[in-house]
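Visitor: Listed in order, the protein sequences are those of chains A and B. For the first sequence, our numbering gives the first residue as 1, with consecutive numbering after it. For the second sequence, our numbering gives the first residue as 1001, with consecutive numbering after it.
In short, the hints are calculated from the structure, not lab data. In this text the structure is predicted, and so the values were computed from the model without any measurement. For each residue, glycine too, the CB sits at the ideal point set by N, CA and C. Misleading hints may appear alongside valid ones.
Unchecked claim - Simulated restraints on C-beta separations:
no., chain 1, residue 1, chain 2, residue 2, range
1, B, Thr1342, A, Glu6, 29 to 37 Å
2, A, Asn18, B, Arg1330, 42 to 50 Å
3, B, Asp1240, A, Ser62, 52 to 60 Å
4, B, Gln1274, A, Ala27, 52 to 60 Å
5, B, Gly1345, A, Asp26, 34 to 42 Å
6, B, Leu1266, A, Pro123, 43 to 51 Å
7, A, Asp100, B, Ala1338, 42 to 50 Å
8, A, Thr98, B, Val1043, 18 to 26 Å
9, A, Thr98, B, His1083, 51 to 59 Å
10, A, Thr82, B, Ala1338, 52 to 60 Å
11, A, Asn18, B, Asp1354, 38 to 46 Å
Unchecked claim - Covered by chain B, according to a simulated footprint, are these stretches of chain A (three or more residues, beta-carbon under 8 Å):
no., stretch
12, 36-47
13, 60-66
14, 102-109
What the hints assert, rightly or not - Derived BS3-like pairs: lysine-lysine, alpha-carbon spacing no greater than 30 Å straight-line:
no., chain 1, residue 1, chain 2, residue 2
15, A, Lys42, A, Lys17
16, A, Lys17, B, Lys1430
17, B, Lys1263, B, Lys1208
18, B, Lys1269, B, Lys1216
19, A, Lys104, B, Lys1042
20, A, Lys112, B, Lys1430
21, B, Lys1183, A, Lys17
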Amino acid sequence: MDELRELYQEMILDHHKNPRNFHGMDAASHAAEGYNPLCGDKVTVYLQLDRDTIKDISFEGSGCAICTASTSVMTELLQGKTLSEAEALFGRFRALVTSDPGEKPDQAGLGKLVIFAGVREYPIRIKCATLPWHTMQAALEDKSETVSTE
Amino acid sequence: MTAHLLKKGTIVRTNPATEQHGHSSPYDVFAIRKDFPILRQKVYGKPLIYLDNAATAQKPQVVIDTLRRYYERTNSNVHRGVHALSQRATEEFENTREKIRDFIDASDTREIVFVRGTTEGINLIAVSYGDSHVSAGDEVVVSEMEHHSNIVPWQLLCERKGAHLKVIPMNDDGELLIDEYAKLLTPKTKIVSLVYVSNSLGTINPVKQMIEMAHKKGICVVIDGAQAAPHLAVSVRELDCDFYVFSSHKMYGPMGVGVVYGKQELLEKMPPYQGGGDMIKSVTFAKTIYNTLPFKFEAGTPNVGDVLGLGAVVDYLQHIGYPAIAEHERDLLEYATARLSTVDGIRLIGTAKDKLGVVSFVLDGVHPHDLGTIVDREGIAIRTGHHCTQPIMQHYNLPATSRASFGIYNTRDEVDALVASIDKVKEVFK
Ligand SMILES: Cc1ncc(COP(=O)(O)O)c(C=O)c1O
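So here's chain A without its partners, still in its complex pose (with noise of 0.2 Å):
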């Protein structure tokens, strides 16, 4: 159980039952859509931008509970960062979560995200985690296919 409440903190479960920024944006310059074909993850994660700075961000979709809590902290998280300041947090965030989880994580930068930890142990859910990055970035690249987790 020790190890599940690891995965499912108090913070993703809260994040996964209220999602912040759950909404469609009409004003969005950006948009895109990611799939993970494993699990149905299916998420939106829509951008405005203000030349390199995210104006706004926000997300629709469903998804498991470590998909929705990740795009949801990640939306609080970007909210009026640079474009590369983004760029860096996804770095950090991707280091995180594919470290080596018997070693203890290297928290710098990172505030809230360290909560996704867990899913270290998990590797087969560590997509669920990442896919909303995943999905921003290619919503600042245009990519106008869904970014699939395969």
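Once you've looked at the hints, dock chain B with the ligand against the given chain A.
Guide: Structure of chain B with the ligand alone, referenced to chain A:
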């Protein structure tokens, strides 16, 4: 006894107490479990509970031994050598073909073609029969509950030919609408391809009646028997289907082998699916003469070892007896359905009157993938996802379901453990 039972028909549901079968009566599930070495392991420190049988079933010791014996003593190419090993391999290979003929009650071994699995089998039919019988404007009929492997090959055929794919709808219990099916059978319809038992919903479709309806209009019928093979004794002659396809690995046999049954008069007229060795009688650059049935459809070196493994599992299942298996699995399904129905927040997906082997469900507020992860930590293997039946998920407007599917070695205790693990899921998500 076996042949008699097989000829008795499609769905055999006899009381094991009054039927004789191999293991001591009543059904001795613990003796059967001992035949499956893989079940003896722990996962995350808990005894493995394997409830993903619809994806693939575990293999009994006799299958493992047969493979081993083949590679230790017999391995040789078939149909080509004069030496002892090749003759032995050929003989055992062809004996297995006869065993499969008997198993599905076909009239002739020429009607039994070995392929890689159900998927390859359906592709063979869609290309060889489909390409020579379907033209622009024609229609191919499948159902809403097909596995992707019984959708995509027909879509490809329709694309090649400019034909149209028509879909038999189902109701919310997961039962096909027979009246709608009747309307889809028109002079344009050339092929109907139907799943016998749904891997996502467990529905047993009334295929005998549906085949009859198609035949009245002269339409060819293909049956996807992938999920029927492990649970039901089947007589292709009684069903009167034109083609029947199944996979070894879902019926406790090795992966990499499947069977296409086709009526001889149809197979005779069909062009080969693949070209190569073994499927020819003579080759010159001017003209190649094809081999006779079934070899015309078996190009290249076949998967001899795994075919023998399939033969071993047919013996094994017939020794236990399909009536006894059906009774055991009916009990498990009823028990699991009853237990899961009492769990607050669970909704069963697939509630057809005629069902076997599968309980699909969703739990309020919990995504199946999260449920699967938590249940897995209890050592319980279930499937979560779309089960290669995305149109079914679209019907119910669900991204995925959780599915427990049962086999000959599962027990009521294992169902209890599944229900208990769902309580744990609720605790995590409360
Ligand atoms: C109903 C049904 N049809 C077809 C298939 C495909 O079988 P295979 O993957 O063995 O080719 C499956 C299983 O995956 C199935 O459950």
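Visitor: Could you work out which of the previously given hints the structure breaks and list their numbers from low to high?
Guide: Violated: hints 3, 14, 21.
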